[in-house]
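Each protein sequence line maps, in turn, to chains A and B.
Just so it is clear: in the first sequence, position 223 is 223 by full-length UniProt numbering, and no numbers are missing.
Just so it is clear: in the second sequence, position 82 is 82 by full-length UniProt numbering, and no numbers are missing.
I should point out that these hints are in silico values taken from the structure, not numbers from a laboratory.
Some clues are possibly wrong.
Selected chain B positions facing chain A (in silico; Cβ < 10 Å) [unchecked claim]:
1. G143
2. E209
3. F220
None of the values given here were measured: they were computed from a predicted structure.
Backbone N, C-alpha and C define an ideal beta-carbon position, used for all residues, glycine too.
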Amino acid sequence: MRKRPRLTQHKASYYSEDCISSLPDDILVSILSRLSLKEAVLTSCLSRRWRHLWTGITGLDFDADDELNKIAAEPKLKSSERSKYINWVNRVVRNYRGLTLEAFRICFDLEKGSKTAIDNWVKFAMAKMVQKLELDLLENGETLRQSLRNYTFPYKLLTETKWSSLKRLYGNLPSNLSFTSVGFKALKVLSLKCVNVNDEALQYFLSNCPVLQCLSIHGSGDLENVKVTGVSLKLRYLEIIFCLGVKTIEICETNLVSFSYLGGNINLCIDNVPMLDEISIGEGYSGLENDVFNQLSSCLYQLEVLTLDIYRPEENIKMFAFPELPNLKQLILKIGAWDDDPLLQFTSLVRACPNLYRFVLQLIWMSPSKRRRKIRRAAKCPHQYLKLVEIVGYYGRTSDDELAMYFIENAIALQKIVIDPRHQILERTPIRNDKIKREEAAARNAAKKQLEAKRPPGVELVIL
Amino acid sequence: MLYAIFGVQTFLQRDLELRNLSLFNRRKGFSYLFQKSLLFPFSISFFLSQGFIYLFLLSSRKSSSPAAIMSSSSPKMITLQSSDGETFEVEEAVAMESRTIKHMIEDDCANSSIPIPNVTSNTLTKVIEYCKKHVEAKSDEEGLKSFDAEFMKIDKDTLYDLLMASNYLDIKSLLDLGCQTVADKIKGKNPEEIRKEFGIKNDFTPEEEEEIRKESPWVFD
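Start from the sequences and build out the full structure, keeping to the hints where you can.
Laid out in structure tokens, this is it:
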């Protein structure tokens with residue numbers, strides 16, 4: 001029988017040795033940790049060597065964006081997709097063999113009906129000394145639901161759980177644990193969306209998570225009085241968004257760096273927080289209600305970044321005189337765009353920040369419309385340091401142009417203007433998809449027509 | 001002159017008693033050599049220590065005088081020896097990108113050349129190239145990104161050797177870069193395509209394959 005000819009060299013890449021499988025386990029696990037969870041699990045069928053490698057990856061991100069889009073298109077699928085999701089997470093949690101977890105993220109539409117399952121996941125995350133825990137249980141993955149139907153964070157259950165019972169459940173636990181009481185000892189980032197957290201639970205986090213740096217709570221029903229005090233707290237970033245039961249927030253004598261609040265009128269007290277650099281605030285229906293600048297008066301002078309969330313601009317601006325903000329470097333205004341409401345009144349805020357370097361106006365298109373009216377000009381007031389102006393959500397209304405013109409005329413150090421004519425809110429089922437595309441195209445053209453001509457030399461104009 | 005040197009030496013001896021010995025060891029430059037010279041009898045080491053004391057005083061004063069800058073500006077060179085016997089001389093700062101080598105230098109095992117038994121000369125050349133660039137252009141993020149992209153345009157065998165070398169030498173940025181490159185090659189492919197790309201043989205029985213598919217239905221449907 002004729003001998004088969006040897007394979008030539010250039011075909012060697014297909015028939016070459018399987019060198020990758022000879023790499024040590026921890027390098028292969030490090031590679032798999034950089035893939036999405038589904039892709040990592042997919043490698044379990046490659047060969048015997050790869051079968052259980054994925055069970056050691058460092059992060060578990062149960063992202064189900066496609067499934068949420070499916071539900072948004074066909075709401076009847078919600079219950080079947082929900083049970084599929086819960087089964088998925090349960091199986092992965094059962095098979096997981098790593099000693100510790102860096103990140104654990106649940107992102108799906110789950111309510112209090114799934115309490116037993118979610119409780120187990122939280123216990124699992126705690127047993128694996130998770131560093132970043134995210135429970136993203138928004139309705140449809142995008143909106144807040146009525147807080148009565150929310151899942152409640154089981155902090156009481158956690159204080160009662162013993163290590164022995166966790167060992168029985170999840171066998172492979174880190175062996176350097178010498179304490180008997182369970183707790184999130186390694187937790188650095190905690191993000192809870194549409195999970196009910198009451199005052200005691202919040203205090204539990206602050207006192208039992210010694211390295212907690214970022215705390216973010218969205219849409220929690222039971223929160224009433226938030227109190228953050230203590231020099232030993234490592235908390236640097238606090239976010240409380242749309243927790244409609246909150247009455248008071250007190251932040252005193254702590255090293256918080258960034259604070260963000262969006263919701264109803266509250267009693268806000270910030271006192272002796274020397275490292276506070278960044279505040280994002282929107283109180284009440286219109287956004288600047290309740291004399292918010294007075295509430296912030298003790299820390300305004302030290303701020304470097306300020307974001308104001310103003311839902312309905314016209315009604316309240318005339319009432320308040322803006323205090324001076326000497327250290328402010330970045331000012332971000334998120335304003336709802338209704339009709340052709342004027343925006344020039346916000347220039348008084350820019351005038352109150354002499355050292356401002358970056359100004360961003362983010363327009364959320366509520367019911368914008370274009371009307372022909374005379375362009376008004378604000379009082380001339382040259383600004384020394386403003387270098388970057390961004391108008392995001394530019395619609396092409398006269399009020400948008402008025403504001404752009406104000407900066408072109410008054411910011412003498414201006415270097416760059418960025419105009420982003422895109423609709424700012426992304427929805428899972430954009431019902432008015434075509435209409436939005438047309439509006440965006442019209443806005444882009446309007447920006448080119450209006451602003452290109454008036455652009456001063458030396459200023460870069462970017463239209464996205 | 002004699003009395004001046006003697007006075008300085010006793011002062012520094014007292015200093016030594018006060019300070020932690022290991023702290024001394026960790027300081028770069030001539031401080032360790034100077035310390036050894038103190039143990040020699042004064043008469044023998046007189047001429048040697050004169051020079052060392054002078055330079056040690058300069059470096060410990062932390063002043064920005066031209067003399068001090070001159071003495072500390074000549075970089076210390078470290079010799080590395082690959083598994084096939086080739087030697088490479090690199091600046092200390094470049095060698096310290098590897099935590100393994102860094103610990104060796106700090107624990108003073110790095111007087112003569114450092115043997116790197118698991119790494120061939122080809123791979124070591126590439127590793128040194130990477131470390132050099134990352135020390136030189138530390139603040140240039142854009143430049144480093146494009147360098148990394150070009151650097152990773154290599155065949156798979158070199159890539160695996162680099163991964164093993166950076167794992168042994170504990171160079172986190174190179175290890176991350178290599179792992180990310182391999183992960184990018186895996187992304188978006190189905191199992192058959194991955195097997196083809198890496199030459200992995202499917203050694204499962206059909207029953208085992210069926211079992212795996214049943215374990216994770218959400219992935220294999």
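Cross-check of the supplied hints:
no. : hint : verdict
1   : G143 : violated, 22 Å
2   : E209 : holds, 6 Å
3   : F220 : holds, 7 Å
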